[in-house]
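Q: So the sequences go chain by chain: A and B.
In terms of numbering that gives the first Met the number 0, the first sequence opens at residue 0 and continues consecutively.
In terms of numbering that gives the first Met the number 0, the second sequence opens at residue 0 and continues consecutively.
Heads up, a few of these hints could be off.
Where chain B lies over chain A, by a calculated footprint (3+ residues, C-beta under 8 Å) [said to hold, decoys possible]:
id, region
1, 46-57
2, 97-109
Straight line, CA to CA, 35 Å or less: simulated DSBU-like cross-link-like pairs of lysine-lysine [to be verified]:
id, chain 1, residue 1, chain 2, residue 2
3, B, Lys407, B, Lys237
4, B, Lys206, A, Lys202
5, A, Lys262, A, Lys332
6, B, Lys237, A, Lys46
Hints were generated in silico from the structure; no laboratory data involved.
As the structure is a computational prediction, the values presented were derived from the model and not from experiment.
Note that the Cβ used here is the ideal one computed from N, Cα and C, for glycine as well.
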Amino acid sequence: MNMIQAINSAMDVMMERDPDVVVMGEDVGYFGGVFRATAGLQAKYGKTRAFDTPITEIGIIGVAIGMGAYGLRPVPEIQFADYIYPALDQLVSEAARLRYRSAADFTAPITVRSPYGGGIFGGQTHSQSPEGIFTHVSGIKTVIPSTPYDAKGLLIAAIEDNDPTLFLEPKRIYNGPFDGHYDRPSKNWSAHPAGEVPTGYYKVPLGKAATVRTGEAVTILCYGTMVHVVASTAEEMGVDAEIIDLRTLVPLDIDAIEESVKKTGRCMIVHEATRTGGFGAELSALVQERCFYHLEAPIERVTGFDTPYPHSLEWAYFPGPVRIGTALQKILKD
Amino acid sequence: MTVDAPRSNLPPLSLHVPEPKFRPGDEADFSDVDVPPADAARRPDTADSADSFHDLAYGLVRVLDERGQAVGNWNPRLDAEAKRKMLRNMALVRAFDERMFRAQRQGKTSFYMKSTGEEAVSVAATMALASDDMCFPSYRQQGILITRGYSLVAMMNQIYSNKADPLQGRQLPIMYSAKDHGFFSISGNLATQYPQAVGWAMASAAKGDNRIAATWCGEGSTAEGDFHSAMTFATVYKAPVILNVVNNQWAISSFSGFAGAEATTFAARAIGYGIAGLRIDGNDALAVYAATQWAAERARTNQGPTLIEHFTYRAEGHSTSDDPTQYRSAGEPNAWPLGDPIRRLKDHLIALGEWDEERHVAQDLELAEMVKAAQKEAEKNGVLGHGMHQPFDSMFEGVFEETPWHLKEQCQQMLDEQKAAGL
């Protein structure tokens, strides 16, 4: 399966298992989603379980919270993460706080799916990585898969989880892993081991990172599309990097990070999102606090620049092989 | 090339900034407020198409006339017992408000909000709903909880943030939550409950349930984007929901003109969405009851949502942190042409021979004693002014279903800090 099929399969499996699971969003019903993630679900489960909504993100999330309060388990979709901002108040002030403020009288067991990230010439409003806005909010979980296998297992875990979860899907790798070489032919998931996805039910636990490659020279913390760009760059450079795919940003697998950095003595953080106040800053602070006496070099961050996401200059902006390679040389020299 | 000659004889543009009719020092005079006779409004069939509600969205549904008689098509013909219960509930809300306002002034809690003059909006509406219909209130519908028999002591425990507070001291006073009484957790963020109520109603319909949802917001909050989103969702899916707009003329210091009231009514907003809209006398408990009953029947029979504008007046300050004499005429509450909801229902019952002044005075005394006794009971659990009543580590519970490592660590850090400081 590619990642879209895996995500589709996760919703199919959960809708089959639990009559309270409903999917909703702009174009997700009859049409099956602009990325085809919900294709076939309306035909199989009916219009009251998979339906199209008006174009109002406030409404999509607000309504999902109300449905959750009733006892459903909604999986709303925001068409692009760049368009999640109108729903910020409902996500931050309501979904994330509902359990706490009502002392668990009410909860918001919703899973907000949204395609995110760049590398597709999406320009300013089809490329953003807003995860740092949400990791700053207490009460909401943030999950980002990097393979079809993880996407399905994590999405099933998120839907079953009783806390509100933001599930960001790296749309650059919907169809195949991307190594950052935009000028080479793109690959397909069928050639990748993680494209092997069971058709039935399974879970990948939230809050657990995956070590993509074990190594001794440097720990690289990354997630989403960057996992593949980092892995390929390290391989091309012949660097014995330990690559950790965080998978869940909140709650974070701090043990995996700490263990790895204490072993390698070096830590590099790579994400597409802009740098200042980004999730990399939190990672850097945590590593510095916990692994200070093991560090042999300053922590490096390779991130998007602090600019809006550009269109024509995308490949100068994107943390690709050139930018990651330069940072790797620097951190290994120190 | 631009041609500007034809414009040259026009006066310059001017920006219209609304201004209320009366400011401090002015004499309030509402004689220009159109108050149609109590029997003027027609009562349509609940199955009528939303596009036929123009007159009702711009009119004013009323039942109680100036002589205290219940008249017209909207008279819900409640028996005297039900009306006495309604009167009692409204009086209890007012007694509770008085007591808690004073408790705030005495430093027993940080904050309170009264609903004086708006008791009918919550009490009579709740009486017209089934007990398991779900309410998504704003912060000024304490009458829902009181009408549904929620414990006064529990409400006070919440207000005091004491050791028996059902919300464990996490919430600002009056932001109650009572799922078992069909009362959704109140949020400080305005109008967020509107789409949530629509979602709850959609879920009920999707599940083939027979329960409906009702929500309330002030006229000021209708300016929020959530209001528009909720109206759109409600009409698109014919959600079984009652959308109440409590037009009490004031949003803190901003008069209703800043929510658009100079140009139209709030009920008229329903027209553009294809939702049935009723504008009613919010100080007429029987009109509130009748309109809610009508809207509930419409919702329960799959005819879709109703917007009800309750035309009323916020008789007191916005909250204990507000001083209305700074922005409006002190005479406004008394000049308000629709009077006081408790007084009007009381006069009606007296006119029917089902009530009298002596019983009313006795009931007020009884309710005041009842509230006082509840307060005594609640204060045994502590008041806010006497410090923190919850275990320190409870602050970290319930952020998530299971407490993750980083919250456990922060909790330990706090406990260590407390210990090191000798606390």
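Q: For every hint, state whether the structure bears it out.
A: Structure-based check of all given hints:
1. Using a Cβ-Cβ cut-off of 8 Å, 6 residues of the region 46-57 of chain A lie near chain B, which meets the minimum of three, so the contact claim holds.
2. For the region 97-109 of chain A, the stated coverage by chain B is satisfied: 10 residues place a CB nearer than 8 Å to a CB of that chain, which reaches the threshold of 3.
3. With a CA separation close to 45 Å, the supplied pair Lys407 of chain B and Lys237 of chain B exceeds the 35 Å bound.
4. Under the criterion of a C-alpha separation no larger than 35 Å, the hint pairing Lys206 of chain B with Lys202 of chain A is consistent with the structure, at around 27 Å.
5. Of the pairs offered as hints, the one joining Lys262 of chain A and Lys332 of chain A holds, with about 17 Å between alpha carbons and a cut-off of 35 Å not exceeded.
6. Our distance criterion of 35 Å between C-alpha atoms is met by Lys237 of chain B and Lys46 of chain A, whose separation comes to about 14 Å.
Violated hint: 3 only; the structure is consistent with all others.
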